[in-house]
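Asker: What follows is each chain in one-letter form.
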Amino acid sequence: MTSYQLNLSLLASCIVAIIAACTLGSTPMEFSRVLAALFGQSSPADIIVIWQIRLPRALSALAVGAALGMSGAALQGLLRNPLAEPGVLGVTATASLSATFALYYGFAASSPFLLPIYSIAGALVATGLLTAAAIRVQSVVTLILIGVGLSSFSAAAMSLLLNLAPNPFSLSDMINWLLGSVANRSFDDILIVMPFMIAGFGILLFTRRGLSALTLGEEAASGVGLNLRQQRIAVVLGAGLATGASVALAGAIGFIGIVAPHIVRPIVHYDPARSLFPSALLGGLILVIADIGVRLLPTTSELKLGVVAAIIGAPAFIWIAIQRRAVHD
Amino acid sequence: MTKLVAHKVSIEVAGTSILRDATVSLQPGELVAILGPNGAGKTSLLRALMGLTKTSGGSVELDGVTCSEMAPQDRARLVSYLPQHQPLAWPNRVMDVVALGRFAHGAALDRLNPEDTAAVMNAITACDLNKLAERATTTLSGGELARVHFARAIAAQTPLLIADEPVAELDPRHQIRIANLLRHYVDDGGGALVVLHEIPLAARVADHLVWMKNGRIFAEGTPAETLTSQMMEDVYGVRAHVGNDEHGFDVRIEGTA
Chain A
22 MTSYQLNLSL LASCIVAIIA ACTLGSTPME FSRVLAALFG QSSPADIIVI WQIRLPRALS
82 ALAVGAALGM SGAALQGLLR NPLAEPGVLG VTATASLSAT FALYYGFAAS SPFLLPIYSI
142 AGALVATGLL TAAAIRVQSV VTLILIGVGL SSFSAAAMSL LLNLAPNPFS LSDMINWLLG
202 SVANRSFDDI LIVMPFMIAG FGILLFTRRG LSALTLGEEA ASGVGLNLRQ QRIAVVLGAG
262 LATGASVALA GAIGFIGIVA PHIVRPIVHY DPARSLFPSA LLGGLILVIA DIGVRLLPTT
322 SELKLGVVAA IIGAPAFIWI AIQRRAVHD
Chain B
-14 MTKLVAHKVS IEVAGTSILR DATVSLQPGE LVAILGPNGA GKTSLLRALM GLTKTSGGSV
46 ELDGVTCSEM APQDRARLVS YLPQHQPLAW PNRVMDVVAL GRFAHGAALD RLNPEDTAAV
106 MNAITACDLN KLAERATTTL SGGELARVHF ARAIAAQTPL LIADEPVAEL DPRHQIRIAN
166 LLRHYVDDGG GALVVLHEIP LAARVADHLV WMKNGRIFAE GTPAETLTSQ MMEDVYGVRA
226 HVGNDEHGFD VRIEGTA
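In the order they appear, the protein sequences are chains A and B. Counting in this note's numbering, the first sequence runs from 22 upward without gaps. Counting in this note's numbering, the second sequence runs from -14 upward without gaps.
The set of hints was computed from the structure by calculation and includes no laboratory data. It is possible that some hints are incorrect.
Over 12 Å on every C-beta distance to chain A, these chain B residues come out as not near it, computed from the model [as the list claims (entries may be wrong)]:
| id | residue |
| --- | --- |
| 1 | Asp6 |
| 2 | Pro13 |
| 3 | Gly43 |
| 4 | Thr102 |
| 5 | Leu125 |
| 6 | Arg162 |
| 7 | His182 |
| 8 | Pro208 |
| 9 | Met216 |
| 10 | Arg237 |
Below, a sample of chain B positions facing chain A; criterion: calculated Cβ distance under 10 Å [to be verified]:
| id | residue |
| --- | --- |
| 11 | Lys(-12) |
| 12 | Asn23 |
| 13 | Pro57 |
| 14 | Asp59 |
| 15 | Ser65 |
| 16 | Pro68 |
| 17 | Asp81 |
| 18 | Val82 |
| 19 | Gly86 |
| 20 | Gly91 |
| 21 | Ala121 |
Label-pair ranges, simulated between beta-carbon atoms [what the hints assert, rightly or not]:
| id | chain 1 | residue 1 | chain 2 | residue 2 | range |
| --- | --- | --- | --- | --- | --- |
| 22 | B | Asn115 | A | Ala204 | 50 to 58 Å |
| 23 | A | Ala337 | B | Pro72 | 21 to 29 Å |
| 24 | B | Ala(-1) | A | Asn248 | 24 to 32 Å |
| 25 | A | Leu212 | B | Pro72 | 40 to 48 Å |
| 26 | A | Val328 | B | Pro72 | 32 to 40 Å |
| 27 | B | Gly240 | A | Ile288 | 52 to 60 Å |
Computed from a prediction, not measured in an experiment: that's the story for all the values here. Ideal Cβ positions, reconstructed from N, Cα and C, are used throughout, including at glycine.
Taking the hints into account, I'd like the entire structure generated from these sequences.
Answerer: Spelled out as structure tokens, the structure:
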């Protein structure tokens, strides 16, 4: 399968999954009703269900999955390791801490743009720290340990905020950020983070040639004409923007950035550049499907999407780590 | 004609001098081999020539422009660089790795223009990789992988080539194959500067030998002029018998000096 065919089939699957997300739910709607509602040719109740509940929710899942998938693929290319990912490296945790902080002190209330800006700033601090470390040490184990440190610190600071939460309402708000969810997202929520996310995607796609060159190792990559410094800054900035925007939209959702590129990579002959776009599409697809699962499960209170992602993703992470030990290093 | 000139280059790392007043030049049509014991400063000299390391004195100029100030992409169109072998990050396809040699020409692996494709195919054929082109690099032997890296360097079609121990850890047959590829590259109008540890091989293939010791260039000249028992003792600290007949040079190491 060529990259083109792969992208096309993933795109088609995403569209099917989003339509499925609109038809399935507590009150199932058949396809024709969904279609009618999408074009405003239906009862007002149907139009509200589709345009204000199901479609923005599915699109949020798609955007978040895409941002995490592409950030994961790009960070893996930069650090030349399949275990690099915004969640594992502590980027999502730092971003959601920063966002929670903004919520807690009420900064987020003054402008709708402040929440994404806070979570992006958190993501950039984490990615910047990791890259500064990556310049000095070659070992990716060190980077993952720094990620563990960042995650632990963010979790502790988050617990502190939870302990001090002024009322149960803000407590449940913060838990939403911690666990990750796309429930009750509106088109306005999506539109606010979109500029940041699109900028992140653009920067990451711009770095793709350099990611291919980094396959050779940093020394040889600079030998073939890569400007290493620029490349590092661009990947960090792009991944920070995309991950930060996704956290602003859905809170901390982990492991998508590992699972999606891992599946895509063999199909694109392990070229990091070719894996960016399909990883984004597959990441989006996985989250849309996982979110349908979350909504359909007959549990009393709805499962959080981030919990489901981690239940699928964490074992996959362990499996990839074990495989890698067997083959490389 | 492209010319790379290092004039009195020095490098210091944390107060320790690792290269002092090294002067070398490289131009098309010559194959220069750098010889010397471990820690003589050979790799540091190559990195200085590529503008990849900070120098504490002297100058490196490529066609009259200071090398470290050139845009990496501009420099890479004139000089290709084979550092000591590093494992590839991913099990990429052989043809993709060779195509990375076209990076400085603006090629992306998905979008090779006809010129890039021709250069890649030529390099693959020259290095006898046609049968391996679709294989994953992880399935190759060390000798095959060395040919892939060499193909990557010549796919860049640069007038100059710098290689750091391109035959390290290869069996004798593969050493000779890589040495012949180097010779072909130079005979076709390229200029190559190569670090080698295999002294008879260097003497057979190179036009000019640069002997390094303790961060300095100790001596230089043609193999016939400089490859002597005395030089082996002075530079490597070994007692060696050096023979030279119509079959080439023969170096027999007898013990430490």
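Asker: What hint numbers does the structure not satisfy?
Answerer: Hints 11, 12 contradicted; others consistent.
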